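> Read off the chains here:
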Amino acid sequence: MIEGIGVFDVLAVSTIIFFVGLFGFVTRKNMISLLISIELMLNSVALNFVVFNKFLYPGNIQGYIFTLFLIAVAAAEVALAIAIIISFYRMDNSIDADEMDSLSG
Amino acid sequence: MDILSLLVVIPMLTVFILFFVKDMQMVRIIAAAGMFVETIVTFFVTRNYVASRGSGDTSEFLMTKDFTWFESLNIHYFVGVDGIAVAMLLLTAIVLLAGIFISWNIEDLTREFYISLIILGTGVFGFFISLDLFTMFLFYEVAVIPMYLLIGIWGTGPKEYAAMKLTLMLMGASAMLLVAILGIYYFSGQTFNMQEIAHAHMPIVAQRFFFPMAFVGFGVLGALFPFHTWSPDGHASAPTAVSMLHAGVLMKLGTYGAFRVAMYLMPDAANEMSTFFMGLAAIGVIYGAFGAIRQTDLKYINAYSSVSHLGLIFFGMMALNKTAYTGAVLQMISHGLMTAVFFALIGMLYGRTHTRDVRKMGGLLKVLPFIAVVYMIIGMASLGLPGLSGFVAEMHIFVGAFQNPDTIHRIFSILAVSAIVVTAVYILRVVGMMLMGPIKHQEFEDLPKAVWYEKVGALLVLLPVMAIGLAPNWLVSLIQDSLAPIVEQLSHSGY
Amino acid sequence: MDFKFTIWILILPTLVFLFTGLLGKKMPAKISGWIGTASMATAMLLAYKTAYEYFFQVGFVDGIRPTIFAYKEVWMKFTDTLVFDMGILIDPISVLMLVVVTTVSFLVHLYSIGYMHGDQGYYKFFSFLSLFSVSMLALVVATNIFQIYFFWELVGVSSYLLIGFYYDKPSAVSAAKKAFIVTRFADLGFLIGILLLSFHAGTFDFMTLVSEDGPLLAQTAPPVFMGLSIFGVALSLIFVGGAGKSAMFPLHIWLPDAMEGPTPVSALIHAATMVVAGVYLVARLFPAFQGVDGGAVLHLVAWTGAISSLFAAIIAMTQDDIKRVLAYSTMSQIGYMMLALGVSGMEGHHGLGYMASMFHLFTHAMFKALLFLGAGSVIHAVHSNLMKDMGGLRKYMPITHITFLIACLAISGVPPFSGFFSKDEILAAAFEQNKILFAIEYAVAGLTAFYMFRIYFGIFWGKETVYKHTPHESPLTMSLPLLILAIATVFIGFIPFGHFVTADRALYDIHIDPMMAGASVGVGLIGILVAYILYKKESTLADGVSEMFGQGYTWAKDKFYMDEVYQFFAHKMMFAGVAAPVAWIDKNIVDGFMNGIGWITETFSMMLEDWQSGRVRQYAFSFILGLLVIIFAVLYLNGIIDFKG
Amino acid sequence: MMGAKIIFYILAGLMILFSILSVTTTRVIRAAVYLLFVMILLAGFYFLVGYNFLAGVQLTVYSGGIAVLIVIAILLVHNIEHRLEQIPTFEYLWKGGTLLAGAILFLTTMRQFPFERIVGTEQVSVSDIGVKLLTLGEGGFVLPFEVVSVLLLAVMIAAIIISKGEKFKTEDND
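Chains as they are written, first to last, in our numbering: chain S, 1 to 105; chain X, 1001 to 1495; chain Y, 2001 to 2645; chain R, 3001 to 3174.
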């Protein structure tokens, strides 16, 4: 049922989504937008895992499992990120990433 | 303790004592006393040197002391002097002592001021006695760094800008120097000992690369055209004693280093590139003089005049013969003394009139006779009047420069010689505007006359200027004796 | 004969200089004047003793007057062979100059005691005078060219100090500055000449330079510049130095302005001694000038002298300031001396020009000093330099009047006054050598008589002026020097000068050619006559004559605009054309370049700082960018991607 | 099997489309919704390749959990009509251009690699996954499992502390 699809085609989709996510990450200032971009990238990575597992090593299971882990970690990350965003919002009444510049030298 | 190291130890001790002194008057006295002892020791060094030369000691450096510092890197604390170094030590001692007296009336942070000043002096003394490149570079930095503090804290006008500019350019130069010194170290068999390096004969390719680096690196400090631009701003902002020491002594570190390190250690490249640098120096000579014509600020005038006179030093070095080298060293001393007095006098004038603009002054000969007369004498020395030290130095340089009949050399030489006219123009312009003529402001009618410490400071430096001018022979022979190895090195370089 | 005592001629004024300079302020003013005068008197006597012993006791050795080194010490060693000596050289011209300098200096010292009376800087004045005297004396006894240069500069600076003596007067300050800078400019030529000689001749010593088998005369060097050999070039440059000091055209512009100084100074420095240093220099190196390149440089000397004398004489006729007239007259007379040297040969009759030149130097020093001191006496009485403020003074100042008249007659070449003898010899020498030069000088002789008597009549006759204070004769200290100089002016012409100073130093008897003498006296008398007609009585005749010359008169009165030309060069060319651009370049280009480096560094660090903004997005982007570049580089370098297809 | 292929391309096209929309829209709430679409479409892809459990997890955790979390966060900090600032065209162009170049670099590189597709028929059952996750030995994933567990715990605590931060802070200040 999936024979006609080439590995490259799937990888291309994954790459494009990844770069779109990157693009969002570097252009947006809103922290939630950043989070969305990160999720996009994570998804594209998950796609990669799946496609390598399924198309190249169908007998194995690692890709599958790691996608699961990835989803778990992503969930954790989002939870944490949203906690941070909200606390930041409480402090500054803003979630503009450019205003978080306490890393500045 | 050998006598040369004493020259470094005494200022350090003085600084140490100064840390614990609270009373300002006491600080001054201790600083003066320390430097007085230093001067005495310098005279002893000179006497010992002359005595051992007289008794037939012909080794290149005398009173040497070698002490291994870092075995693994072959770094030594290696000191010793020859005639040139002795002459420079005398200059330093005199100018430093005079500088202490001239800044007698500094009120804020007196102690810190004297400490910085003496640290600077320590660096200079150490520099002149070092025979090990590493030690030399170390002392060089010790001398340059207090400069920034001295200008930044006790300066006037746009002092931060000036201090920054000065520091950046000097640090850039230091970086070049460091590269050059390391280059010398690696290409001469991993040694910092100057005598060994000189005999090791670095490969010509390395010399071609490192000679310009070392020469320009020191040249920046010696205000070699076109790297002189820090000097007018720096001098204009620096306090009096610092200008004195800086123009009088510190800039000589540049010229001395260019001679001792760049030329002596890399003679082949020096020979190859002499014409280029000679041209640069000749342009600097005439350029500095013309630059001084248009200035109205006394310190700027003097700074440009320094560019011109220091250009003559480089010019003399690049003429590549013994007479011109003698002239270059004499000019270092002569210019050091002259410019120190100049800056001292400018400081005194500024302290009274609160302006350094020559257009605003006038007729000061009537109200400040001592300062005005000394200014005139030094001005005359600066324009090469016979009987004063400038003449002796300049004539050596010119005669040396004319010993090469090559056309391009002749052109550069004539260019450099013609600076004597331009120098006369700007000196007399200042003398005419500032010292002569009617008094322009009512409040200048009764300015306070020079006080004792000012007189002492000015005369300390003025008298050697006259002494050298009237009886140059002892100094000339002191220098010329020591030039033999350098001349040897530079003339047998295979070119 | 031992001339060791000559050192005292130098030491005495030196001591006086130091003593009055350092302590003069603390002493009563009079003392410094008298000390200076006394020391100069002693020096003068010593100079006479030198002259007597040299000329009469040493006499001739092998038919020529010998050169004696009283002292010769190494002062500075450039190389083992190139040595800068200091010493005292005794030969005819140096002894002559010793006598001239000490005599005039002594009289000027004496005169100044009265003239400078009550001046604030009384002690300073005498101290400077002593400095000048010692410099000038050491200059004339120099044993080598570098010693001359040494003291050459020192007389320059004493001249500077004395011209600028009234230093609160801006005109005096600028005159002093001008004098120093113009002569300094000429000295540049001198110095380059010396330096060229130092290499090509390898010596500074006069004896070697002028000796037959010395480097200059023995070898023929190839021409390098305009047909001159390198020695010719060097000598020309040295002559430039001499021309500057001697105010030869076109380096003369400082001399008229130098009259801003006190009048005794003008008499000593700018009439009798320093300004003839150029002549002395040429005379000192005369065999070299004569021998190198077949005497080509001497043509330059002769023509410079001729042009200067004519030029100055024309201007002198139009000036109203009596000191300026005298200054131009000095320039004109020095032109005579230069010309005489220029037309001279070496031996016997051919060497007439040299002898005449030195003779004229001698006589001129006396009568020109007299003229200046006389003028000073007049100025002292009238408090003005301008001829329009004077007139009819013969009644008030008889001594000044008579002595001034004697000097005027002398300079006009009327026998038996001294000027006649020397000028006559010069004309004779010129006549034999070059008719054009002779014609010029002959004309100048007439002009000289005219302008000198113009001011004579203008001062002592002419209109009856009403004075605010009735002028009176000067005190004895001032009139005594006038009398002494007048006596000298009358009698020194009779000295058989050829017995003492000649080009080849052999004995030479002067013959006065009646034709020549008659002609020169004739033209002088014509000049005097014209002046008598025009200026004896106040009349409009003179104005009419000057109008006749129209534009030419205006040009001459404005000194042919030489000052303006110099002003143009100095200000437009040097200040605006060189110094201003240099200042601009320094500020904008050189410094701009250095600042540019600083700016780049700073901007770069600002950019870095910008990147170090703490903004995560930018960090991320930079990170991605860098990563992309690295990935690309790795891929490219490993050949995984390439652009060839 | 054209059907699957067509479905894949439709999925792929929509995923790319929505992902682009999600980063370019100026309404943050829409961005979240587009992201949700991308996740659902990805789950569709998982179904397509037969990873049904994974697809389920994707739907529940991602689409159901994370996306909703994001939407809630948006609602907490923004008005629902909140619009993001426009990105300057210049920034768009140069950052976009750079990243486009990067994407092309990646794609061309990947294209050169000859992937050998192996068609397997193995199905992954949920029990397999459960066993593997808790197996210690060869082919077991107990270590990462534990690590993730700890991580989740830590994150949970951290999230609580951070979002409660205000309170701790005020207590400190008092």
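Be careful, since some hints might not be right.
Per the computed footprint, the stretches of chain R lying under chain S, defined by three or more beta-carbons under 8 Å from a beta-carbon of chain S, are [to be verified]:
no.	region
1	3037-3048
2	3073-3079
3	3122-3129
4	3153-3162
Partial pick of chain Y residues on the chain S-facing surface, computed with a CB cut under 10 Å [claimed, not checked]:
no.	residue
5	ALA2583
6	GLN2618
7	PHE2621
8	ILE2624
Keeping only pairs whose Cα atoms sit at most 20 Å apart, straight-line, the calculated SDA-like set for lysine to any residue is [to be verified]:
no.	chain 1	residue 1	chain 2	residue 2
9	R	LYS3132	S	LEU80
10	S	LYS29	R	THR3024
11	S	LYS29	R	LEU3105
12	R	LYS3005	S	GLY6
13	Y	LYS2026	X	ARG1053
14	Y	LYS2077	X	GLY1469
15	Y	LYS2072	X	GLY1054
16	S	LYS29	Y	LEU2625
17	R	LYS3164	S	LEU80
18	S	LYS29	R	ILE3029
19	R	LYS3095	Y	MET2027
20	X	LYS1449	X	GLY1054
21	S	LYS29	R	LYS3164
22	Y	LYS2049	Y	LYS2077
23	Y	LYS2077	X	ASN1404
24	Y	LYS2077	X	THR1068
25	X	LYS1366	Y	LYS2049
26	R	LYS3132	S	MET91
27	Y	LYS2077	X	VAL1451
28	Y	LYS2077	X	ALA1484
29	X	LYS1366	Y	LEU2627
30	Y	LYS2072	Y	THR2208
31	R	LYS3095	Y	LEU2625
32	X	LYS1366	Y	ALA2029
33	Y	LYS2077	X	LEU1470
34	R	LYS3164	S	MET91
35	S	LYS29	R	LEU3084
36	X	LYS1366	Y	LEU2625
37	R	LYS3164	S	ILE86
38	Y	LYS2026	X	VAL1451
What the hints contain is simulated information worked out from the structure, not anything from laboratory work. This one's a predicted model, so the numbers in the text were calculated from it and none came from an experiment. Glycine included, C-beta positions come from ideal geometry on N, C-alpha and C.
> Indicate, hint by hint, whether the structure satisfies it.
Evaluation of the provided hints:
no., hint, result
1, 3037-3048, "holds (count 6)"
2, 3073-3079, "holds (count 5)"
3, 3122-3129, "holds (count 4)"
4, 3153-3162, "holds (count 6)"
5, ALA2583, "41 Å, violated"
6, GLN2618, "8 Å, holds"
7, PHE2621, "4 Å, holds"
8, ILE2624, "6 Å, holds"
9, LYS3132(R) - LEU80(S), "28 Å, violated"
10, LYS29(S) - THR3024(R), "12 Å, holds"
11, LYS29(S) - LEU3105(R), "27 Å, violated"
12, LYS3005(R) - GLY6(S), "10 Å, holds"
13, LYS2026(Y) - ARG1053(X), "46 Å, violated"
14, LYS2077(Y) - GLY1469(X), "14 Å, holds"
15, LYS2072(Y) - GLY1054(X), "25 Å, violated"
16, LYS29(S) - LEU2625(Y), "18 Å, holds"
17, LYS3164(R) - LEU80(S), "12 Å, holds"
18, LYS29(S) - ILE3029(R), "15 Å, holds"
19, LYS3095(R) - MET2027(Y), "90 Å, violated"
20, LYS1449(X) - GLY1054(X), "46 Å, violated"
21, LYS29(S) - LYS3164(R), "25 Å, violated"
22, LYS2049(Y) - LYS2077(Y), "33 Å, violated"
23, LYS2077(Y) - ASN1404(X), "18 Å, holds"
24, LYS2077(Y) - THR1068(X), "41 Å, violated"
25, LYS1366(X) - LYS2049(Y), "42 Å, violated"
26, LYS3132(R) - MET91(S), "45 Å, violated"
27, LYS2077(Y) - VAL1451(X), "40 Å, violated"
28, LYS2077(Y) - ALA1484(X), "15 Å, holds"
29, LYS1366(X) - LEU2627(Y), "76 Å, violated"
30, LYS2072(Y) - THR2208(Y), "14 Å, holds"
31, LYS3095(R) - LEU2625(Y), "9 Å, holds"
32, LYS1366(X) - ALA2029(Y), "17 Å, holds"
33, LYS2077(Y) - LEU1470(X), "14 Å, holds"
34, LYS3164(R) - MET91(S), "12 Å, holds"
35, LYS29(S) - LEU3084(R), "8 Å, holds"
36, LYS1366(X) - LEU2625(Y), "73 Å, violated"
37, LYS3164(R) - ILE86(S), "10 Å, holds"
38, LYS2026(Y) - VAL1451(X), "18 Å, holds"
The earlier numbered hints that this structure contradicts are 5, 9, 11, 13, 15, 19, 20, 21, 22, 24, 25, 26, 27, 29, 36.
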